[in-house]
Every structure is written in structure tokens, then in C-alpha cells.
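Chemist: Note that the working numbering has the sequence shown beginning at 1, numbered continuously upward.
Simulated from the structure, these hints should not be mistaken for laboratory data. Because the structure is a prediction, the values reported are computed rather than measured. Be aware that one or more of the hints could be misleading.
To be verified - With a straight-line Cα cutoff of 27 Å, these simulated DSSO-like cross-link-like pairs (lysine-lysine) come out:
| id | residue 1 | residue 2 |
| --- | --- | --- |
| 1 | Lys170 | Lys198 |
| 2 | Lys64 | Lys95 |
| 3 | Lys64 | Lys33 |
| 4 | Lys198 | Lys249 |
| 5 | Lys170 | Lys64 |
| 6 | Lys249 | Lys205 |
| 7 | Lys198 | Lys174 |
| 8 | Lys205 | Lys174 |
| 9 | Lys170 | Lys205 |
| 10 | Lys64 | Lys198 |
| 11 | Lys95 | Lys33 |
| 12 | Lys95 | Lys174 |
Said to hold, decoys possible - Across the chosen pairs, the derived CB separations fall in these ranges:
| id | residue 1 | residue 2 | range |
| --- | --- | --- | --- |
| 13 | Lys249 | Ser115 | 21 to 27 Å |
| 14 | Ser231 | Thr40 | 36 to 42 Å |
| 15 | Val171 | Ala31 | 39 to 45 Å |
| 16 | Leu36 | Lys170 | 39 to 45 Å |
| 17 | Asn17 | Lys170 | 33 to 39 Å |
| 18 | Met159 | Val14 | 34 to 40 Å |
| 19 | Gln229 | Arg141 | 37 to 43 Å |
| 20 | Gly129 | His55 | 34 to 40 Å |
| 21 | Gln252 | Leu36 | 49 to 55 Å |
| 22 | Thr90 | Ala30 | 23 to 29 Å |
| 23 | Glu23 | Lys170 | 48 to 54 Å |
| 24 | Ile199 | Glu94 | 24 to 30 Å |
Backbone N, C-alpha and C define an ideal beta-carbon position, used for all residues, glycine too.
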Amino acid sequence: MMEVLNTSDEVELVLRNTGVTDELLISFVAALKNSLSEVTLVNLNLNHIGPPGVHVLLDLLQAKSEIRGLLLFGNHLGDVGVQILLSGVTDLQEKTAASPRMPTYPRQFYLSQPSFALTELDLGGNGIGSEGLRVLGTFIRYHSQLQYLGLAQTCCSSMEAWYVFFESLKVNSKLTHIILDENNLGDQGVKQFAEALKINESLRKIDLDHNNLGEVGGNALFEALSRSQCSLEHLSLEENYISTALMSKFQQMVKTNDIHSTLKA
Numbered sequence: 001m002m003e004v005l006n007t008s009d010e011v012e013l014v015l016r017n018t019g020v021t022d023e024l025l026i027s028f029v030a031a032l033k034n035s036l037s038e039v040t041l042v043n044l045n046l047n048h049i050g051p052p053g054v055h056v057l058l059d060l061l062q063a064k065s066e067i068r069g070l071l072l073f074g075n076h077l078g079d080v081g082v083q084i085l086l087s088g089v090t091d092l093q094e095k096t097a098a099s100p101r102m103p104t105y106p107r108q109f110y111l112s113q114p115s116f117a118l119t120e121l122d123l124g125g126n127g128i129g130s131e132g133l134r135v136l137g138t139f140i141r142y143h144s145q146l147q148y149l150g151l152a153q154t155c156c157s158s159m160e161a162w163y164v165f166f167e168s169l170k171v172n173s174k175l176t177h178i179i180l181d182e183n184n185l186g187d188q189g190v191k192q193f194a195e196a197l198k199i200n201e202s203l204r205k206i207d208l209d210h211n212n213l214g215e216v217g218g219n220a221l222f223e224a225l226s227r228s229q230c231s232l233e234h235l236s237l238e239e240n241y242i243s244t245a246l247m248s249k250f251q252q253m254v255k256t257n258d259i260h261s262t263l264k265a
């Protein structure tokens with residue numbers, strides 16, 4: 001792996017389901033920081049990283065400011081790890097935007113420090129509860145540069161916390177793809193999401209598989225998308241309880257007909 005890092009100009013690093021723990025992450029990041037390669041994406045899905053490992057990842061993001069994607073689905077961050085991560089990402093984005101590196105060589109050789117901006121983040125399957133979801137809502141509202149956000153299998157059962165998160169989407173103009181699969185949002189949660197879609201103009205791809213969604217929530221979603229200014233390219237509603245008639249309406253709405261549905265009786 002290190003040979004690849006040392007001989008490649010640009011790397012997307014995939015360590016999915018490789019048993020990475022917080023301890024292993026320390027040695028891995030230390031070696032990665034010494035690599036001359038530009039690492040643009042780090043995929044650590046389905047590992048064993050907890051809050052201590054988040055500090056190590058933030059050290060990596062500071063050293064490798066070219067990283068744009070961080071995939072952490074199926075780890076053990078919990079609310080504490082999410083708060084640490086989002087606070088650190090916010091600080092890094094603000095510092096690199098406000099404090100460019102001062103030149104130490106003649107100006108013609110000066111290269112400014114690249115601004116750090118995380119555009120792809122997957123936090124699904126990390127045991128995020130109500131506090132973590134509220135923190136994420138604040139991040140999305142005020143600090144996010146994300147274009148892709150994965151939140152599948154988020155265990156939060158508080159509709160109030162989901163409301164805070166969905167409200168943040170009303171004022172976010174950067175996010176284009178959101179994954180909300182397997183969150184048991186039900187009609188109530190999807191209706192809250194639908195209210196955000198009436199205002200949000202940036203979302204292009206939405207995944208809502210396996211959310212116990214029925215006709216009430218489905219109709220609210222269809223009405224919101226009908227009134228929305230967003231140009232939807234992809235909508236996935238597999239494993240819900242939506243009628244064939246309503247699914248046909250969704251299919252007509254999505255411009256590319258990129259819609260997947262498995263209907264339950």
C-alpha cells in the first residue's frame with residue numbers, strides 16, 4: 001500500500017471492512033502523512049473506529065488538506081465522535097480559508113496552502129442519536145461544504161431531532177445527494193423532510209429505502225417535489241408501502257426515470 005502511495009500522484013484510499021481500529025489508525029495515519037501522494041478520498045467504511053480515532057482522522061485531514069471525501073459508514077463514532085469530527089472539520093475549513101500560508105521564498109515560488117473543504121461524508125451506521133443529529137443540523141446550516149451526505153441506519157428515534165436536521169436543509173444550497181435509507185422515518189419523518197424539499201433547490205439525488213413510508217408520507221413527498229425548484233435526477237423508495245399509482249407519479253416526475261421501487265402490499 002505504501003508503495004502505491006509513494007508512486008502515485010493522486011489516490012483514493014479504500015480500507016473498507018479491513019478491521020481498522022483506533023490503535024491501527026494511529027500507525028496508518030502516521031505513515032500516510034509522510035506520503036507525497038495527494039489523497040482525495042479515504043474510505044473506512046465497516047471498521048471499528050470510535051471517538052479516539054476521530055482525533056487521528058482530524059490530524060490526517062489537517063496534513064492532507066486535499067482530502068475531499070471521508071466515508072465512515074458502520075463504525076462506532078456515536079454522538080461524541082460525530083461532535084468531535086464536525087467541530088474539527090469546521091475549524092479546519094475556517095482556518096485554511098482565513099489564514100493562507102505566508103511565503104518564505106521569493107514570490108514566484110510561493111504556493112498558497114490549499115483550502116480544505118470536505119464535500120463527501122458518510123456517517124451512517126454509527127449509532128448517532130438525537131444530540132449527534134442536532135449537531136449535524138447545525139453543521140449543515142452554518143458550516144457545511146458537503147455535496148454528498150450518507151445517513152443510512154441512523155438510530156435516532158427522536159422526531160424532534162430529525163426536525164432540527166431537516167430544517168437545516170432549507171437553508172443549505174450545496175448538498176446534492178442524501179442517503180436516508182433504513183431510518184424508520186415513517187410518514188411523520190418523511191413529511192418533515194418534504195417540508196424542507198419545498199424550499200431546498202440543490203438536492204438532485206435522494207435515497208429513502210426501507211423507511212416504513214406509506215401513502216400519507218408518500219403523497220406529502222410527491223406534493224413537495226412537485227412544488228420544489230430542485231431538478232430531481234434520482235429517487236429511491238425501495239421497501240416502503242407506496243401504491244403502484246403513486247409510484248407511477250414519481251416515475252413521471254424524475255427526469256431520467258432513475259427510480260427504483262419495491263412495493264409492499
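Chemist: Hint by hint, say whether it matches the structure.
Modeler: For each hint, the structure was consulted:
1. Lys170 - Lys198: Measuring from Cα to Cα gives roughly 8 Å; hence the hint holds.
2. Lys64 - Lys95: 14 Å, holds
3. Lys64 - Lys33: Roughly 7 Å separates the two Cα atoms, so the pair holds.
4. Lys198 - Lys249: 17 Å, holds
5. Lys170 - Lys64: At roughly 31 Å apart (the allowed maximum being 27 Å), Lys64 and Lys170 break the hint.
6. Lys249 - Lys205: 17 Å, holds
7. Lys198 - Lys174: With Cα atoms ~16 Å apart, Lys198 and Lys174 stay inside 27 Å; holds.
8. Lys205 - Lys174: Roughly 12 Å between the alpha carbons, so the hint for Lys205 and Lys174 holds.
9. Lys170 - Lys205: Judged against 27 Å, a Cα distance of about 16 Å means the pair holds.
10. Lys64 - Lys198: Violated, at about 37 Å.
11. Lys95 - Lys33: 19 Å, holds
12. Lys95 - Lys174: 20 Å, holds
13. Lys249 - Ser115: 21 to 27 Å: Cβ of Lys249 to Cβ of Ser115: about 43 Å, so the range 21 to 27 Å is violated.
14. Ser231 - Thr40: 36 to 42 Å: At roughly 27 Å between Cβ atoms, Thr40 and Ser231 fall outside 36 to 42 Å, so the hint is violated.
15. Val171 - Ala31: 39 to 45 Å: 40 Å, holds
16. Leu36 - Lys170: 39 to 45 Å: Since Leu36 and Lys170 have Cβ atoms about 43 Å apart, the given range 39 to 45 Å holds.
17. Asn17 - Lys170: 33 to 39 Å: About 36 Å separates the Cβ atoms of Asn17 and Lys170, which means 33 to 39 Å holds.
18. Met159 - Val14: 34 to 40 Å: 36 Å, holds
19. Gln229 - Arg141: 37 to 43 Å: Violated - the Cβ-Cβ distance for Gln229 and Arg141, about 19 Å, lies outside 37 to 43 Å.
20. Gly129 - His55: 34 to 40 Å: Since Gly129 and His55 have Cβ atoms about 21 Å apart, the given range 34 to 40 Å is violated.
21. Gln252 - Leu36: 49 to 55 Å: 51 Å, holds
22. Thr90 - Ala30: 23 to 29 Å: For Ala30 against Thr90, whose Cβ atoms are near 25 Å apart, the range 23 to 29 Å holds.
23. Glu23 - Lys170: 48 to 54 Å: 41 Å, violated
24. Ile199 - Glu94: 24 to 30 Å: Roughly 26 Å apart at Cβ, these two residues keep to the hinted range, so it holds.
Going down the numbered hints, you'll see the structure goes against 5, 10, 13, 14, 19, 20 and 23, while the others check out.
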